[in-house]
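J.: The residues making up each chain are set out below.
Number of protein chains: 2
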Amino acid sequence: MAANPSFLKYVDDHQADFIQRLKEAVEIPSVSGNLEYVKDVENMADFLIKQLTELGVKAEKRAIGSHTITGEEVALPPVVIGSIGNDPSKKNVLVYGHYDVQPALKEDGWDYEPFTLTPDPSGSGRLYGRGSTDDKGPVMGWLNVLEAHKKLGIELPVNLKMVFEGMEESGSVGLDKFIESEKDGFFAGQDCMCISDNYWLDTKTPCLTYGLRGINYYEVRISGPSRDLHSGVFGGTVHEPMTDLFAIMSKLVSPEGEILIPGVKELIAPVTQDEQDKFEKIHFEMADIHAAVGGDVTISEDTVKTLMGRMRNPSLSIHGIEGAFSAPGSKTVIPASVAGKFSIRLVPNLGINNTTECVYKYINEEFKKLGSKNKCEVELTHGGEPWIADPNHYSYRAAHKATVEVYGQEPDYTREGGSIPVTLDFANILGLNILLLPVGRGDDGAHSTNEKIDTSNYINGTKLLGSYLYELAAISKD
Amino acid sequence: MAANPSFLKYVDDHQADFIQRLKEAVEIPSVSGNLEYVKDVENMADFLIKQLTELGVKAEKRAIGSHTITGEEVALPPVVIGSIGNDPSKKNVLVYGHYDVQPALKEDGWDYEPFTLTPDPSGSGRLYGRGSTDDKGPVMGWLNVLEAHKKLGIELPVNLKMVFEGMEESGSVGLDKFIESEKDGFFAGQDCMCISDNYWLDTKTPCLTYGLRGINYYEVRISGPSRDLHSGVFGGTVHEPMTDLFAIMSKLVSPEGEILIPGVKELIAPVTQDEQDKFEKIHFEMADIHAAVGGDVTISEDTVKTLMGRMRNPSLSIHGIEGAFSAPGSKTVIPASVAGKFSIRLVPNLGINNTTECVYKYINEEFKKLGSKNKCEVELTHGGEPWIADPNHYSYRAAHKATVEVYGQEPDYTREGGSIPVTLDFANILGLNILLLPVGRGDDGAHSTNEKIDTSNYINGTKLLGSYLYELAAISKD
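Top line first, the protein sequences correspond to chains A and B.
Start counting at 1 in the first sequence, then tack on 6, and there's your number in the working numbering.
Start counting at 1 in the second sequence, then tack on 6, and there's your number in the working numbering.
Keep in mind that the hints were calculated from the coordinates and are not lab data.
There may be inaccurate statements among the hints.
Note that identical chains are pooled: a pair holds if it fits in a single copy or bridges any two copies.
[Unchecked claim] With a straight-line cut-off of 27 Å between C-alpha atoms, the simulated BS3-like cross-links for lysine-lysine are:
#1 K189 x K367
#2 K210 x K337
#3 K311 x K379
#4 K45 x K183
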């Protein structure tokens with residue numbers, strides 16, 4: 007069922023009001039994880055509560071404990087929850103967003119004040135400001151949908167629950183416990199979930215995102231001498247930890263990005279025909295990635311292979327070495343203890359544990375082969391599982407229809423190469439199908455200077471979120 | 007000819023005076039390369055001039071230009087030259103030392119004030135202080151020899167020229183030009199040269215040092231993307247510079263320290279029977295090196311192999327990477343441009359240029375094999391040639407005899423694994439045989455906190471330097 011035409015008209019007629027709402031939100035510098043902004047984050051929660059309440063939502067702030075910022079213990083930003091509609095004949099939909107933002111200072115290189123929503127003077131329609139696209143734009147999008155229905159006096163087609171957190175940019179501390187504690191309370195009985203906190207792959211094509219890669223981050227520490235040595239005095243007499251480290255870490259991945267750790271490849275879930283089809287349909291040009299990386303250094307010139315390399319296949323990156331000489335100039339040191347750092351991006355069914363088993367086994371075996379008297383220790387310092395949703399679930403089908411209605415084109419089905427840990431928390435604890443339904447474009451620059459959202463994305467995004475609810479209400483669960 | 011017995015007696019009788027001389031020298035904090043100490047370095051030069059003049063030496067300070075320290079142009083410390091004796095029937099001997107010292111602050115971890123010569127309260131005879139062994143102790147040793155002869159009213163057995171510089175700890179800037187300019191002036195007609203600015207290999211055995219390894223320092227830069235990338239977004243799609251760098255740098259040296267660069271091994275001068283004999287006679291225990299490195303990580307447990315690894319064979323050490331992640335923690339960066347740093351210690355006939363040819367050829371070939379789209383550049387950032395003297399030269403034979411006379415034991419014939427660039431400058435420009443005749447012990451901690459010289463080394467060192475001149479005077483040049 008397409009959206010109520012009066013809803014769509016209301017959105018078109020109230021663009022300026024909606025931009026004003028986003029402007030007010032951006033003006034609150036709700037930077038999480040920074041003592042200086044603790045009050046602003048709280049203010050942003052209050053802003054949401056006030057707006058939600060005015061729009062007929064039963065909203066409340068929920069305390070979720072405390073944390074330590076630069077030595078001081080302070081309350082974690084509250085989780086804002088809201089609930090509207092309680093009709094047993096309607097579907098129950100949970101949406102998530104976050105009201106905190108990344109840090110931003112004009113002197114970081116912003117062209118405008120980061121906490122003042124500034125329309126591009128050239129008239130492109132771009133709205134610059136910290137949080138404009140990540141994630142205040144999408145959150146205001148939900149509020150815009152609520153406002154339209156409230157003002158028009160029409161009911162939402164679904165029962166809607168909202169959860170907005172204020173710690174996403176600082177690791178979502180405390181959210182998993184909150185979800186767990188409200189699993190059978192606030193979160194009970196939901197049919198599906200929608201998160202709008204990611205981006206189109208390019209600047210032209212709307213997309214639905216159904217997967218995220220996970221990540222295992224490892225440190226390989228090689229220790230030998232008890233102190234750094236001078237290579238003039240000791241070079242040629244001792245097993246040097248750096249030599250061993252380079253020997254080990256050079257055996258992890260080929261220049262073409264193939265992971266050389268035995269057992270890893272075998273774990274990867276085979277590509278289904280449906281996945282293959284979805285990848286082949288993605289709108290993507292090699293010129294986009296060449297521009298993004300600033301050079302012609304892609305492993306493949308094939309778009310599908312490149313997209314699979316980013317979204318579907320694991321990858322292994324070597325990030326650096328702790329404990330070695332890293333400054334400019336020439337230092338003739340033999341570092342005594344060095345830790346090489348690398349990570350593997352995980353995909354189904356390459357999980358934290360089975361991957362780590364392969365890694366530990368391989369590195370220990372390879373180190374043994376060196377015959378070095380140094381010591382080698384491998385540690386998994388961080389692990390995040392990969393996530394994938396059923397892209398043919400009715401929630402996706404509803405979003406697909408809504409996209410066609412609003413944008414006149416079919417959405418790409420994408421996955422993100424990086425991780426969004428909250429998705430995994432919701433998926434694992436609540437067992438819901440989760441739809442990632444982005445509002446912004448691939449060039450929005452979330453986390454960067456000059457973060458922006460295009461007015462058309464913000465307005466059409468509002469229509470999309472509303473239309474999705476209508477299609478969701480009407481669609482068969484089968 | 008053994009030393010004049012009255013000289014030896016004088017030294018024994020004037021130990022306290024000689025320690026007082028060293029005390030006064032240590033009290034002048036002549037730290038080169040630091041604006042704060044420019045005046046002190048100059049004062050130290052004046053101290054030398056005053057003492058040398060009083061001891062009958064024709065001494066003068068020679069200006070050698072200027073240099074820039076933290077933005078300010080200042081005069082280089084003067085070279086102090088001195089000359090005593092002009093008897094055409096005697097040999098002409100040149101000695102070198104330096105009067106500047108490494109920086110030192112009590113708070114660096116010194117147990118005593120670094121610029122106050124402090125006898126070990128436990129009565130071990132150790133004299134703590136910056137410069138005590140590097141190189142004020144040996145320089146005062148020469149002055150002690152002069153004092154004894156002056157006071158006893160006996161002539162030195164040789165004509166002695168002295169050159170004391172004040173920039174050794176800061177790269178000996180300007181000295182090479184000075185040597186060049188005085189090649190046919192002050193330095194003309196010298197028979198041989200003695201430098202006392204190194205150390206015994208252990209704490210018990212005097213040694214003569216006849217070789218130094220050189221060093222070639224290289225950077226391998228791999229560049230790809232024009233900016234650092236996020237491994238979640240780009241991992242699996244681009245050729246990562248770190249992957250290429252590890253592939254290349256893992257092929258340089260084996261865990262046993264064998265250099266894998268083709269052509270290098272073939273360049274090394276074969277070991278002569280005389281060298282082999284000298285290495286086999288060196289007093290050295292594996293326990294010493296295990297203690298020095300703080301662990302049982304030596305490649306070999308054979309003393310001769312270990313000594314050759316340090317002194318006679320080239321070695322390759324990987325020092326670190328510039329441009330990669332090097333801090334504690336986990337950062338999921340794909341560094342865009344990284345420079346791996348390694349150096350090769352050079353030995354005869356492995357020179358700067360023929361070694362570099364092998365390195366460039368090999369790295370470029372190996373990089374080509376990777377099939378990467380990144381760029382690879384290798385650069386020799388610093389080169390220093392190896393040096394070796396004829397250890398059977400009459401100057402060495404004289405020092406050998408003197409050692410037996412003073413210490414009652416034959417000296418070890420050692421080489422240093424590191425470089426002492428001034429040695430090379432004198433050798434190349436003046437074409438003289440150079441004897442490195444150490445006064446201090448292997449555990450003196452030059453450049454470290456709690457630098458010391460043992461009283462017995464200082465006093466016997468004075469006798470040794472004097473006795474060397476007597477043996478030199480008598481020995482046949484054949």
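J.: As a check of your reading, is K311 near K379 (CA-CA no more than 27 Å) within one copy, between copies, both or neither?
T.: between (42 Å within a copy, 17 Å between copies)
J.: Within a copy, between copies, both or neither: where do K45 and K183 come within 27 Å Cα-Cα?
T.: within (23 Å within a copy, 66 Å between copies)
J.: Indicate which option fits the pair K189, K367 if close means a Cα-Cα distance not exceeding 27 Å: within, between, both or neither.
T.: Answer is neither; intra-copy 38 Å and inter-copy 64 Å both fail.
J.: At most 27 Å between alpha carbons: which applies to K210 and K337, within, between, both or neither?
T.: For K210 and K337, neither the intra-copy (50 Å) nor the inter-copy (31 Å) Cα distance is at most 27 Å.
When held up to the earlier numbered hints, the structure conflicts with 1, 2 and fits the remainder.
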